[in-house]
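In order, the protein sequences belong to chains A and B.
Under my numbering, the first residue of the first sequence carries the number 13, and numbering increases by one thereafter.
Under my numbering, the first residue of the second sequence carries the number 27, and numbering increases by one thereafter.
Treat the hints as calculated values from the structure; they're not laboratory data.
Even for Gly, the Cβ is constructed at its ideal location relative to N, Cα and C.
Treat the hints with caution; some may be incorrect.
Stated by the list, open to error - Heads up, incomplete: computed chain A residues facing chain B, CB under 7 Å, no partners named: (1) His35; (2) Phe37; (3) Ile57; (4) Leu111; (5) Tyr112; (6) Pro174; (7) Ala178; (8) Ile182; (9) Ala183; (10) Leu187; (11) Ser194; (12) Gly277.
Unchecked claim - Some chain A residues flagged as far from chain B (calculated, every beta-carbon gap over 12 Å): (13) Ile23; (14) Gln41; (15) Val53; (16) Leu137; (17) Ile170; (18) Ser175; (19) Val179; (20) Trp185; (21) Leu239; (22) Pro274; (23) Arg303; (24) Leu328.
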Amino acid sequence: MWLGLLMGSVIVLFFISLTVGRHSFSLWQTVQELLAQEQSVYTLILIELRLPRSLVAVIVGATLGLCGAAMQGLLRNPLASPGILGSSSGAALFSVIVLYFGFHAISPWLLPIAGMAGALLAIVLVYALTGNDSTITTIILAGVAINAIAAACISLAINLAPSPYAVREIALWTLGDLSKVSLTNLWLMLPTTLIGWLMLIGCGQALNALSLGEQTAASMGVNVARLRWRIFLATALAVGAAVATVGAIGFIGLVIPHLLRPLVGYEPRRLLFASALGGAVMLLLADISVRLIPSQIPLQVGVLTALVGAPFFLYLIVKLRKELP
Amino acid sequence: MRFIIVASACLIMQWANAAPQRIASVNLCTDQYLLLLAAPGTIATVTWLSQKPESSYYYERALRIPVNHGEAEEIVAHAPDLVLAGFYSARTTTHLLQQLGYQVELFDHPRSVKQVREQLRRMGDLIGRREQAERVIKTMDARLQRVATQPADDAPTLMQYAPGGYTIGRDSLVGDIMYLAGWRNQAQNAGVAHLGIVDLETLLMIAPLALIDSPLAPDSYSFAEQMLKHPVLKKTARPKFTVTIERKLWICGGPMVVDALIELRKARETIEREAIESEQRS
């Protein structure tokens with residue numbers, strides 16, 4: 013029931029996202045023009061600007077929700093998410109280096125690959141610092157440290173970048189922005205994202221078993237070490253590509269699995285799919301709102317997800333404090 | 027005896043009014059005026075940007091002059107008797123220098139060729155080179171007389187489209203030059219009078235015939251610069267042309283803006299000729 017509702021929302025919001033912009037025109041008429049293979053300003057705006065923007069919103073939102081759910085399931089820790097564990101900022105750092113120093117001119121594929129490498133490095137570092145079954149505090153502290161280092165290196169790299177426009181874009185990498193994506197960006201991010209998704213979706217059963225404890229899971233035939241690496245790698249693939257394309261959009265991976273967990277009966281396997289849909293809904297909503305808020309300078313989408321997500325994060329901490337002895 | 031008194035009085039007066047001998051500038055555009063007008067040896071320091079061939083028209087003259095990065099410490103070290111600065115750049119430095127009692131003169135960015143003339147005169151007065159300034163203005167005006175025009179009602183349309191979607195309107199030096207080169211600047215259709223941001227959707231709707239590319243740093247990379255490479259700009263019928271104008275020709279005021287005007291006018295005439303030819307063919 014809930015899944016159907018979420019899926020319906022994704023579809024409805026996707027179409028709303030196609031109609032929202034600086035200029036309004038009839039979506040229906042434009043689609044007819046497209047079918048008649050006529051080219052007009054409106055078909056160009058629809059196909060080349062709004063379609064990639066809406067699709068990327070769905071894909072990135074789904075990636076963040078899905079990866080958040082998988083990480084929370086794997087580490088059995090409610091605060092595990094791509095943003096908190098530093099993989100978003102790791103991906104951002106590597107993408108910044110590739111983008112601003114012209115390496116992506118060698119091959120555009122270097123960008124998603126760099127994002128992936130950065131995300132993986134950050135996750136592995138946090139994991140190496142904390143180990144398995146560590147307390148929430150240690151994980152958060154390790155994440156804070158990795159995030160701080162990555163953020164400092166991003167600022168440093170951008171300040172050293174030859175482009176005079178670079179410095180203004182620090183905010184983009186820490187907040188995320190969907191306004192400049194093109195179909196080319198979409199094609200570039202798609203392969204690694206899809207591989208990441210497929211790797212994660214197959215983890216459902218193992219995550220279910222893991223929720224009963226590591227030993228139980230092992231006795232049920234789950235190779236926990238392999239599962240861990242699989243999820244790390246898959247998250248890196250998907251989050252890396254997403255961050256390399258639109259910057260680090262925060263809080264979706266943290267908030268969405270929490271909101272949806274009660275709705276799917278606390279079952280990690282079902283949470284994966286639901287969180288992917290929920291992430292897409294949240295990012296589409298945020299991106300539509302950003303375009304509806306009248307402002308001279310376009311607002312960044314990460315501003316909105318943070319405005320919604322950060323209070324929720326605080327609520328989570330308060331709740332955890334009550335639960336802990 | 028009387029003659030000597032008069033002569034020495036003249037000398038003293040001249041000394042009191044003496045032109046500044048150690049002039050410091052913390053803004054690229056005041057640098058350009060100085061490099062153009064100042065007497066040899068009177069410039070103490072200019073900004074580091076003035077030695078860059080891509081941003082500074084008179085960069086060769088700046089190569090032998092010590093540079094600064096707009097920091098108050100650097101300026102104080104030169105003990106200048108006149109500091110020139112822009113209205114918006116290096117604000118903390120100019121505030122500090124004013125508090126320390128230095129003579130600081132601020133120049134706003136000129137918004138028309140007329141204001142360039144006014145600024146040249148003001149600079150000439152400040153550094154005791156009014157005659158040179160008048161000479162520069164006279165030559166500039168003579169060239170303008172030959173090439174400046176006004177856009178016809180059906181003149182081709184253009185817009186500057188800088189990284190990040192920045193465009194510049196009529197109320198600016200660049201806008202004035204576009205106008206005098208006979209182009210219709212479409213920035214006002216996007217509601218931009220001076221400086222503003224236009225997103226790609228609006229650019230496609232306004233559909234100017236040509237875009238102006240005036241790169242700040244060619245071959246560098248950023249999200250803002252990637253916007254100009256968005257695939258939609260290759261697919262759309264308009265904008266059809268890109269006119270490249272070297273940034274140093276019109277980023278600051280000075281007689282070089284006439285060169286920008288000439289290039290823009292030539293580009294317009296070429297495009298108009300092509301349009302007529304293709305009409306005749308079809």
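Hints, one by one, checked against the model:
| no. | hint | result |
| --- | --- | --- |
| 1 | His35 | 5 Å, holds |
| 2 | Phe37 | 9 Å, violated |
| 3 | Ile57 | 5 Å, holds |
| 4 | Leu111 | 6 Å, holds |
| 5 | Tyr112 | 5 Å, holds |
| 6 | Pro174 | 4 Å, holds |
| 7 | Ala178 | 5 Å, holds |
| 8 | Ile182 | 11 Å, violated |
| 9 | Ala183 | 11 Å, violated |
| 10 | Leu187 | 12 Å, violated |
| 11 | Ser194 | 5 Å, holds |
| 12 | Gly277 | 42 Å, violated |
| 13 | Ile23 | 23 Å, holds |
| 14 | Gln41 | 16 Å, holds |
| 15 | Val53 | 5 Å, violated |
| 16 | Leu137 | 27 Å, holds |
| 17 | Ile170 | 9 Å, violated |
| 18 | Ser175 | 4 Å, violated |
| 19 | Val179 | 9 Å, violated |
| 20 | Trp185 | 9 Å, violated |
| 21 | Leu239 | 36 Å, holds |
| 22 | Pro274 | 39 Å, holds |
| 23 | Arg303 | 10 Å, violated |
| 24 | Leu328 | 32 Å, holds |
The structure fails hints 2, 8, 9, 10, 12, 15, 17, 18, 19, 20, 23 (numbered hints given earlier, in ascending order).
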